[in-house]
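Chemist: Given the sequences, and given the hints that come with them, work out the whole structure.
There are 2 protein chains.
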Amino acid sequence: MSLLVVGSVARDSIRTPHGEVQDALGGAAVYFSLAAGIFTEVRMVGVVGDDFEAGDIELLRSKGVDLAGLEVVEGGATFRWSGEYSEDMNSRRTLSVELNVFEHFRPVLPGGYRDSSFVFLANAAPGTQLSVLEQVEEPVCVMADTMDLWIGSARDELLELLGRIDGISLNDAEALELTGCRNLIDAGCAILAMGPANVVVKKGEHGAVLFTEAGVVALPAYPTGKVIDPTGAGDSFAGALMGSLSQAGAVDEEHLKTAIAYGSVVASFTCEGFGTDRLAALGADEVRERFMNYCDALQIRR
Amino acid sequence: MSLLVVGSVARDSIRTPHGEVQDALGGAAVYFSLAAGIFTEVRMVGVVGDDFEAGDIELLRSKGVDLAGLEVVEGGATFRWSGEYSEDMNSRRTLSVELNVFEHFRPVLPGGYRDSSFVFLANAAPGTQLSVLEQVEEPVCVMADTMDLWIGSARDELLELLGRIDGISLNDAEALELTGCRNLIDAGCAILAMGPANVVVKKGEHGAVLFTEAGVVALPAYPTGKVIDPTGAGDSFAGALMGSLSQAGAVDEEHLKTAIAYGSVVASFTCEGFGTDRLAALGADEVRERFMNYCDALQIRR
Chain A
107 MSLLVVGSVA RDSIRTPHGE VQDALGGAAV YFSLAAGIFT EVRMVGVVGD
157 DFEAGDIELL RSKGVDLAGL EVVEGGATFR WSGEYSEDMN SRRTLSVELN
207 VFEHFRPVLP GGYRDSSFVF LANAAPGTQL SVLEQVEEPV CVMADTMDLW
257 IGSARDELLE LLGRIDGISL NDAEALELTG CRNLIDAGCA ILAMGPANVV
307 VKKGEHGAVL FTEAGVVALP AYPTGKVIDP TGAGDSFAGA LMGSLSQAGA
357 VDEEHLKTAI AYGSVVASFT CEGFGTDRLA ALGADEVRER FMNYCDALQI
407 RR
Chain B
107 MSLLVVGSVA RDSIRTPHGE VQDALGGAAV YFSLAAGIFT EVRMVGVVGD
157 DFEAGDIELL RSKGVDLAGL EVVEGGATFR WSGEYSEDMN SRRTLSVELN
207 VFEHFRPVLP GGYRDSSFVF LANAAPGTQL SVLEQVEEPV CVMADTMDLW
257 IGSARDELLE LLGRIDGISL NDAEALELTG CRNLIDAGCA ILAMGPANVV
307 VKKGEHGAVL FTEAGVVALP AYPTGKVIDP TGAGDSFAGA LMGSLSQAGA
357 VDEEHLKTAI AYGSVVASFT CEGFGTDRLA ALGADEVRER FMNYCDALQI
407 RR
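Chains A and B supply the protein sequences, listed in that same order. The numbering used here applies: residue 107 is where the first sequence begins, and numbers increase by one. The numbering used here applies: residue 107 is where the second sequence begins, and numbers increase by one.
For the record, the hints were derived by calculation from the structure and aren't laboratory data. Some hints could be false.
Identical copies carry no separate label here, and so any pair may be met within one copy or between two of them.
[What the hints assert, rightly or not] Derived pair list, reagent style DMTMM-like, types lysine to aspartate or glutamate, alpha-carbon separation capped at 25 Å: (1) 332 / 292; (2) 332 / 283; (3) 332 / 319; (4) 332 / 391; (5) 309 / 402; (6) 332 / 359; (7) 169 / 378; (8) 309 / 358; (9) 309 / 283; (10) 169 / 395.
Modeler: Here it is as structure tokens:
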């Protein structure tokens with residue numbers, strides 16, 4: 107089924123204990139699309155300046171990403187972010203943010219996108235995310251991401267969004283902040299009660315926890331020792347998850363578990379290179395192989 | 107097969123955001139034995155003062171724990187520990203430690219224990235742990251636990267121990283400290299290279315990671331929202347793990363995965379009450395039921 111993502115496209119400068127990269131292709135919608143593109147065609151809505159490079163457009167197109175929804179602002183500059191990871195890579199510090207053309211991003215869906223079945227609202231102001239909802243006709247499944255900034259500054263709109271979507275992915279600290287819970291399992295259940303039928307709490311190297319009416323399932327991350335740069339891990343996790351769901355055309359607990367497994371596997375690849383390097387070179391065969399290993403490892407003899 | 111544990115027996119005073127308990131039965135060997143007792147008979151070696159209560163002895167005996175190796179020091183006082191957990195229960199502060207009779211604990215195995223097949227050396231000075239190794243004849247599997255204190259203060263003896271045992275369980279911070287690695291997967295592999303064929307890194311609410319020559323397997327914790335008191339979770343995890351292995355009589359990757367699953371399940375019960383309360387009341391049926399749920403949750407449709 108058709109898959110739409112709306113979110114940031116950026117140029118990132120990243121420093122980790124393993125090295126650094128300048129002005130690399132990045133942004134939530136980009137990581138999402140490269141990951142989802144392994145499973146299905148992706149319609150991407152975002153905005154860039156005219157400094158965006160032809161090579162990046164070419165890369166996204168070659169990965170099956172439909173760019174009819176990518177707005178290019180003449181004379182504008184693309185969103186830029188730079189950040190630095192700690193020694194253990196469990197925390198990162200933002201060094202600079204230049205929102206540029208993303209600051210006044212008002213996503214407008216091309217007419218052909220309004221019938222999208224699966225929709226992912228990548229991290230953005232909840233008001234912006236709500237405005238996309240108005241433009242899609244009868245989606246099968248809308249999921250969103252969010253961040254601590256909006257939990258603090260746009261809580262009412264975020265709660266309205268939660269009442270209108272099918273699923274939310276957010277990280278553990280955000281789930282605790284949103285609910286005021288001290289325990290992550292309690293927090294996930296509390297978010298279910300806010301509206302979405304599916305809640306995915308991301309825990310980075312510790313995996314993810316899925317909450318649905320069927321119950322609570324904790325799944326581990328794919329164990330990798332080769333963590334070069336975690337940037338985009340969460341967005342590529344979401345991309346593989348939505349790509350897998352969209353390919354299957356179903357959103358029950360069983361399919362969500364499969365989708366989270368694919369998300370964990372693709373995120374582990376993402377971390378193995380700087381920026382989108384590893385993700386852009388990633389083939390469906392190696393994803394499938396690691397996915398099979400992941401499933402095998404979780405088979406427990408009774 | 108026969109299972110032996112050597113370790114601390116204590117009286118604990120614990121404060122958590124959910125309440126507090128004074129002078130409750132505790133200690134690594136106690137949590138271990140109560141958990142392992144669900145699977146098999148346990149031989150426990152430890153030391154207490156004559157202040158130890160008859161009710162505690164009775165409880166342990168009723169759970170299938172053989173106390174022929176429990177030394178009672180006349181006129182001595184039992185090891186006492188008190189501690190307090192943070193609001194989110196992810197960290198704890200030791201308020202007081204009185205080693206008492208445990209300070210000069212020199213474990214002596216009753217003659218009938220020297221043929222034990224499975225042996226667990228609960229956290230103690232590595233020299234004390236090594237002295238137990240000298241007393242067992244031809245064990246099938248010896249596993250040990252350790253803590254940051256020994257990594258810093260008795261590194262050489264700890265490395266000697268690692269060269270002579272089959273497995274080690276330790277927590278994530280300890281694994282990083284022991285190896286100097288920044289990544290947990292790298293750390294587990296580095297510990298394998300120190301000697302033990304099996305390494306289990308415990309991550310608390312995030313589960314555990316198993317390292318063997320067959321590969322690396324990350325398994326989640328059993329998700330529970332009812333965390334009242336995490337004291338003894340790690341020791342009861344180890345108890346269920348060794349109890350399960352001992353019952354199976356095998357220590358390959360498949361059996362270790364099953365054992366870790368049982369460990370995760372029993373640890374989740376332990377956290378649901380203060381001290382040993384929930385563990386002492388735990389039946390094999392409810393363990394089996396939660397174990398089946400755990401295995402089902404990890405079955406992923408391909």
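Chemist: Confirm or reject each hint.
Modeler: Going down the list of hints, with the structure as the test:
1. 332 / 292: Answer is between: at 8 Å across copies they meet the 25 Å cutoff, but 33 Å inside does not.
2. 332 / 283: between (30 Å within a copy, 19 Å between copies)
3. 332 / 319: between (36 Å within a copy, 18 Å between copies)
4. 332 / 391: Classified as within: same-chain Cα gap 20 Å, cross-chain 41 Å, threshold 25 Å.
5. 309 / 402: both (22 Å within a copy, 21 Å between copies)
6. 332 / 359: Between. Shortest inter-copy distance 23 Å satisfies the 25 Å Cα cut-off; intra-copy 30 Å does not.
7. 169 / 378: within (19 Å within a copy, 48 Å between copies)
8. 309 / 358: within (21 Å within a copy, 29 Å between copies)
9. 309 / 283: both (14 Å within a copy, 22 Å between copies)
10. 169 / 395: within (19 Å within a copy, 45 Å between copies)
Violated hints: none; the structure is consistent with every hint.
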